[in-house]
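Undergrad: Spelled out, the chains give:
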Amino acid sequence: MSTPLPDHDQARRLLWQMVRIRRFEEKCVEMYSAQKIRGFMHLYIGEEAVATGVIDQLLPEDAIVATYREHGQALVRGVSANSIMAEMYGKVEGCARGRGGSMHLFDAKTRFCGGNAIVGGGLPLAIGLALADKMQNRKAVTVCFFGEGAVAEGEFHETLNLAGLWQLPVLFVCENNLYAMGTALRYTESKMEIASKGDGYGVANAVVDGMDVLAVNEAARKAIATTREGKPFLLECRTYRFRAHSMFDAEIYRSRDEVAEWKKRDPITMFFDAMKAAKVLSDSDLEAIETEVAKEVDESVAFAEAGTWEPVSDLTRFVYSEVTAS
Amino acid sequence: MSTTDQPKKMTFRDAVREGIRDAMKKDACVFLMGEDVAHYGGCFAVSRGLLEEFGEERIRDTPLAESAFVGAGIGAALGGMRPIVEIMTCNFSLLALDQIMNTAASLLHMSGGQFNVPIVIRMATGGGKQLAAQHSHSLEGWYGHIPGIKVLTPATLEDGYGMLATALDDPDPVLIFENQTLYVMEGELPANPGPVDISSAKVRREGADVTILTYGASLPKSITATAKLEEEGIHAEVVDLRVLRPLDDATIMRSVAKTHRVLIVDEGWRSGGISAEINARIMEQAFYELDRPVQRVCAAEVPIPYAKHLEHAALPQVESIIAAVQNLVSSHHG
Chain X
44 MSTPLPDHDQ ARRLLWQMVR IRRFEEKCVE MYSAQKIRGF MHLYIGEEAV ATGVIDQLLP
104 EDAIVATYRE HGQALVRGVS ANSIMAEMYG KVEGCARGRG GSMHLFDAKT RFCGGNAIVG
164 GGLPLAIGLA LADKMQNRKA VTVCFFGEGA VAEGEFHETL NLAGLWQLPV LFVCENNLYA
224 MGTALRYTES KMEIASKGDG YGVANAVVDG MDVLAVNEAA RKAIATTREG KPFLLECRTY
284 RFRAHSMFDA EIYRSRDEVA EWKKRDPITM FFDAMKAAKV LSDSDLEAIE TEVAKEVDES
344 VAFAEAGTWE PVSDLTRFVY SEVTAS
Chain Z
407 MSTTDQPKKM TFRDAVREGI RDAMKKDACV FLMGEDVAHY GGCFAVSRGL LEEFGEERIR
467 DTPLAESAFV GAGIGAALGG MRPIVEIMTC NFSLLALDQI MNTAASLLHM SGGQFNVPIV
527 IRMATGGGKQ LAAQHSHSLE GWYGHIPGIK VLTPATLEDG YGMLATALDD PDPVLIFENQ
587 TLYVMEGELP ANPGPVDISS AKVRREGADV TILTYGASLP KSITATAKLE EEGIHAEVVD
647 LRVLRPLDDA TIMRSVAKTH RVLIVDEGWR SGGISAEINA RIMEQAFYEL DRPVQRVCAA
707 EVPIPYAKHL EHAALPQVES IIAAVQNLVS SHHG
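Chains as they are written, first to last, in the working numbering: chain X, 44 to 369; chain Z, 407 to 740.
For the record, the hints were derived by calculation from the structure and aren't laboratory data. Backbone N, C-alpha and C define an ideal beta-carbon position, used for all residues, glycine too. Warning: the hint list may mix true and false statements.
Covered, in the sense of this in silico footprint (three residues per stretch, anywhere, with C-beta under 8 Å from a C-beta of chain X), are these stretches of chain Z [claimed, not checked]: (1) 510-517; (2) 538-550; (3) 615-626; (4) 672-682.
Facing chain X, according to a computed beta carbon distance under 7 Å, are these residues of chain Z, among others [as the list claims (entries may be wrong)]: (5) Met487; (6) Asp504; (7) Gln505; (8) Pro553; (9) Pro577; (10) Asp578; (11) Ala663.
Here are the simulated lysine-lysine pairs, DSS-like style, with alpha carbons at most 30 Å apart [as the list claims (entries may be wrong)]: (12) Lys265(X) - Lys338(X); (13) Lys414(Z) - Lys182(X); (14) Lys79(X) - Lys134(X); (15) Lys182(X) - Lys431(Z); (16) Lys414(Z) - Lys431(Z); (17) Lys432(Z) - Lys415(Z).
Generate coordinates for the entire structure from the input sequences, incorporating the hints supplied.
TA: Here is the structure:
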């Protein structure tokens, strides 16, 4: 790893967040198999270093716009595991009162503006949040996560153009996991270098190894420094999804060898091994983290199980605001 | 020009502009963005002069990128601003339909009540100017299908001016459809104009023989038709729907119960249109009040053509409204 060594606290924090995502999602799979969770569910396993490295650099006033593969972003941002698990159960205690599910996690307190399940749909929203911050002279930054599949959508180009034109404080984080659902990048993009597409719109950009949490963390630190001064930035994180696209994916479009090869670069083991070798973290740190996380995850299941169903009489609530316009 | 304590003669276009201007003066969070709104002065000259008065930050030209700038408006609304987004015509709004429907209309519900979207989207609608199929459609009824948004169709100067302020005060997305043939309509804006409600239909002309339910550009056509009908001794009541979502069922049913004969005039297409919805509600709520089957005058089911005589034939006209009313009130069942 080329980036400077973190101190113990930072290293422990990054490892803890990645392990939280991994174990939480493993539990989600279990609960999905038990039919406690239904609908579409997209796992982030393999990509943990991206959300962890980026969100670690944010301040409370910053906003996040994410995709339907957003359990990791929500957890790292501080949306409680309890409220996320309850949401996936469809319980009223969920972070969207059971109206969104896995793909639509929301939390106004942490400015976590969703879970958008239209590919590319979150990008325009992100520049709008940034525009509001800019027009009101706030120093906040908006981070917009999207996959490389979104780069083929018109919204990516329209949005980058506007961000460059209006100099908006947005960090675009492209999670390039090489497959738009099951279609490889080479079948969908005429030019596969995604970061450099920012050049066409005057948006500064960089590429980073998305399996290396320290590298992501450092790249995000630099990018956000630019963004906080009011300039957009496009950060391409090259990563890989270890699991299927969703729970309904037979994975016929990629080879087992390819998956196995990428798993050798598991962001959690790679980071822990490096930190252990550098004597920043020890086995006991990892054990403690695993214990802590197991407790948090188990509690989230207990919380969701104990949760309640919103009465059907509330079905049409929240279509329009309940406060009367003054 | 500014609004005064005296009634003032102006066009519908001027009234809309005054509405925008007064809203911007009242609240620094209000801003206007869209294609050609600033340096060009607005495709329909609605925003002419506002750039000079409010500057580039608040009268904001956008690229031709409907999805991005409508989405940006939604994000800005979430961030505490009060954006007025102008889409040149509703035909182009289809390029932003994803943002309008999947984001603006859905966000509050999908987030369990956490993220309301106080955005106002204005767009021109309707035919009658020989602009052919990609600039002449009336899609307001379509938008009326979507829960989570409100759909307004101002057809008077008072509404052109006053609906905007109420829409901006609304915590949720409001779409305003301004029929492009109405911009040149002249009239008088009352003294000290203010916000108007965006929840009710209004009886624009009282009558006892037949009810015409209409909105937008078909409102003045219907009013003109009633003058001719009056000469024949037919007293038609004209209800201006004003708001297509939510529909004001009470006012509609009150008029139905009074006249027992109903004509719906809608510049949108007949099949699956707002006229069909209104008709269904009358069946559900006032069937036994009817003396005749409900009739409709709608746009012909064609992409609106360019040639003047064809376009004329495709849209509701004074003559077709008169004929439909005559048929409804005739002693023969038609």
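Undergrad: Output the indices of the hints that this structure fails to meet, ascending.
TA: Failing hints, ascending: 2, 3, 4, 11, 12 and 13.
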